[in-house]
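Peer 1: Given the structure of chain A, go ahead and fit chain B onto it with the hints provided.
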Amino acid sequence: MINLIVAIPPEAKPLIRHLRLQKQTYRSFDLFSGKNLRLLVCGVGKLAAASACAWLQGLAEQNEGASSAAWLNIGIAGHGYQPLGTGLLAHCVGEHNSNQRWYPGFTARPPCPTSALITVEQPETRYLDNALYDMEASGFYTSCSRFSSIELIHSFKVVSDNHFSGIHNINKNYAEELISSQLGTIDRIIELLRHTQQQLAQQQQNPHYLNQCLQHWHFSHYQRQLLRQLLLRRQTLLPAQELWHTDFSGLKNSRQVLEYLQQQLDTQRVVYEP
Amino acid sequence: MTEIIYIEEQVIDEPLTQKICARYPRATRILCQHYGEIFNRKGQNFRLQKKYPALILARKQRQLILDAPPGYGLGGAYHYYFSHMLNCVYDCRYCFLQGMYRSAHYVIFVNHDDFKQAISNRLRQTGNHTSWFYSGYDCDSLALDPVTGFTSSFIPFFRQQPQAWLELRTKSPHTRALLQQQPLPNAVIAFSFTPENISRALEHGVPALEKRLRAIHKLQHQGWKIGLRFDPLIYCDDFRDHYRALFKTLFSSLQGDSLHSVSLGSFRLPKPFFNTMQRLYPDEALLAGPLQEQQNGQQGMIGYQHQLEADMIEFCSEELLRYIPESIFFPCYDQ
Numbered sequence: 001m002i003n004l005i006v007a008i009p010p011e012a013k014p015l016i017r018h019l020r021l022q023k024q025t026y027r028s029f030d031l032f033s034g035k036n037l038r039l040l041v042c043g044v045g046k047l048a049a050a051s052a053c054a055w056l057q058g059l060a061e062q063n064e065g066a067s068s069a070a071w072l073n074i075g076i077a078g079h080g081y082q083p084l085g086t087g088l089l090a091h092c093v094g095e096h097n098s099n100q101r102w103y104p105g106f107t108a109r110p111p112c113p114t115s116a117l118i119t120v121e122q123p124e125t126r127y128l129d130n131a132l133y134d135m136e137a138s139g140f141y142t143s144c145s146r147f148s149s150i151e152l153i154h155s156f157k158v159v160s161d162n163h164f165s166g167i168h169n170i171n172k173n174y175a176e177e178l179i180s181s182q183l184g185t186i187d188r189i190i191e192l193l194r195h196t197q198q199q200l201a202q203q204q205q206n207p208h209y210l211n212q213c214l215q216h217w218h219f220s221h222y223q224r225q226l227l228r229q230l231l232l233r234r235q236t237l238l239p240a241q242e243l244w245h246t247d248f249s250g251l252k253n254s255r256q257v258l259e260y261l262q263q264q265l266d267t268q269r270v271v272y273e274p
Numbered sequence: 001m002t003e004i005i006y007i008e009e010q011v012i013d014e015p016l017t018q019k020i021c022a023r024y025p026r027a028t029r030i031l032c033q034h035y036g037e038i039f040n041r042k043g044q045n046f047r048l049q050k051k052y053p054a055l056i057l058a059r060k061q062r063q064l065i066l067d068a069p070p071g072y073g074l075g076g077a078y079h080y081y082f083s084h085m086l087n088c089v090y091d092c093r094y095c096f097l098q099g100m101y102r103s104a105h106y107v108i109f110v111n112h113d114d115f116k117q118a119i120s121n122r123l124r125q126t127g128n129h130t131s132w133f134y135s136g137y138d139c140d141s142l143a144l145d146p147v148t149g150f151t152s153s154f155i156p157f158f159r160q161q162p163q164a165w166l167e168l169r170t171k172s173p174h175t176r177a178l179l180q181q182q183p184l185p186n187a188v189i190a191f192s193f194t195p196e197n198i199s200r201a202l203e204h205g206v207p208a209l210e211k212r213l214r215a216i217h218k219l220q221h222q223g224w225k226i227g228l229r230f231d232p233l234i235y236c237d238d239f240r241d242h243y244r245a246l247f248k249t250l251f252s253s254l255q256g257d258s259l260h261s262v263s264l265g266s267f268r269l270p271k272p273f274f275n276t277m278q279r280l281y282p283d284e285a286l287l288a289g290p291l292q293e294q295q296n297g298q299q300g301m302i303g304y305q306h307q308l309e310a311d312m313i314e315f316c317s318e319e320l321l322r323y324i325p326e327s328i329f330f331p332c333y334d335q
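Chains as they are written, first to last, in this note's numbering: chain A, 1 to 274; chain B, 1 to 335.
It is possible that some hints are incorrect.
Have a look at the derived ranges for each label pair, beta carbon to beta carbon [claimed, not checked]:
(1) P270/B x K35/A: 40 to 46 Å
(2) D237/B x Q256/A: 24 to 30 Å
(3) D237/B x R188/A: 43 to 49 Å
(4) Q198/A x F315/B: 41 to 47 Å
(5) G256/B x Q100/A: 56 to 62 Å
(6) R240/B x Q256/A: 46 to 52 Å
(7) G256/B x Q241/A: 42 to 48 Å
(8) P270/B x Q262/A: 37 to 43 Å
(9) P69/B x G85/A: 52 to 58 Å
(10) N206/A x N121/B: 36 to 42 Å
Some but not every residue of chain A turned toward chain B, in silico, with C-beta under 7 Å [stated by the list, open to error]:
(11) V44
(12) H91
(13) C92
(14) Y103
(15) F106
(16) T114
(17) S145
(18) L232
(19) L237
(20) P239
No lab work stands behind these hints, which were simulated from the structure alone.
Glycine included, every Cβ here is placed at the ideal spot set by N, Cα and C.
Isolated chain A, as found in the complex:
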């Protein structure tokens, strides 16, 4: 699942249209969803962003379990000298008056240029640093880095104001237009996140027979971990060998199951093909 977080409806509209998302009914936030995608309108400010991400994670855990989602914060931002309409991925996210910083992890070449991003409490008009200025990203990172690996959390901003064109020129239509102009890049970022997420899911996949074993016998928490580990090892060393035969399914309890698997693995050959 990929969660898109935007601050205001004009940032959401082009994405909802482009990604064909459907509105879901919730009291707390405006949530839209499609195939393996969700979009949440969090409101302006880092607190709003942090609480929205936490709310969405809670909802997802309740409905789908605790799999690692990818998170993408999309929005408009200021930058001292980058031309209006430039799309930039954040490579460092910090706050104006704090030492707290996050460094998003890249697992492949980013599909667009990158920039530092500073989250401020009030709209920035002086653009002192060579950085993007927004009002949500640090809250987004504070929250999401609790749920997902840093490679799955990114922030993409489109330059809406700079030294030559201040924030007074921004209106709803302009914000919508800016996001619309970067839909191709956003697609590529989503694709990259999806790919990274798949790689991570492969690492975290449960082994074959785990659920079958858990349904058949009772395992303590510790035994369950041991069972998972033994089944993973078995899957690696004996990938083609059927486990669920009468010898195995006839075992009386969890202890016998673990002993059976351990014994099978102890005598297993390890071969590296020449």
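Peer 2: Below, chain B without anything else, positioned relative to chain A:
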């Protein structure tokens, strides 16, 4: 290769920082206050990062020289290690670095002079006793040498320290910088090997055996002392045949008289490192193999089952001693 370089603000003007940045003019440069902000942060995935590692240029501030682990030695009175770099460009599945570090980025410490100062201080304490300094513990000593300039910087320094021995441990054929210098009598270029089938399966990115042999030939020809390291010994079915073949290939090709030392060691990992590696590579045959928590004072360490380990060490020791005198053989394992 390198598209992102993180740079500590305090080292931005260091000559080595400038040199490395000039080597990658198109790389994105990202400033940070301390490399730990990126390298040590929780919630990152080593395996994912290994696909697109960045460079981190930093200053090593504390613990520049550390005592070598017990049993890690080639004679001499004192044994230390130091790391001008953290992480390795190769991707060996048995390597403890995958379990030890949260990040797969390469940290390069650019303050070589501070390391040299720390080595000099240590040598003042050890007097005339021989001290060994191992450089390939947290990284491969030579694999990134064209970037780090490590050997060009440290070989001249060690030339001035005759009571200190330097071991460069490597799987790399990058020997150009060494070949441009006079051989250093108190240095050993130690190459690590595993049998070819194991290397192909587990040592991702490591150059082929022939390439490394060619590099050793050049070094030997120029007069550098060579070490051979079979550490860790890796078990596989028919391990005897594979190790016998490896030893035969190596010793029939190398000049015995410039062999400084040969060592072997067993495969051991602290349990938390092993657990991390298993989480990262659940489908890895090496980690699914006949491993267990060690007994006899080695609790908390994962290694091969005791008898299997003993058989491997005994067999490989006997085979090696057919080719080399005992005086240059340094097995590194628990007796």
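Peer 1: Flag every earlier hint the structure violates by its number, smallest first.
Peer 2: Violated: hints 6, 8, 10, 11, 20.
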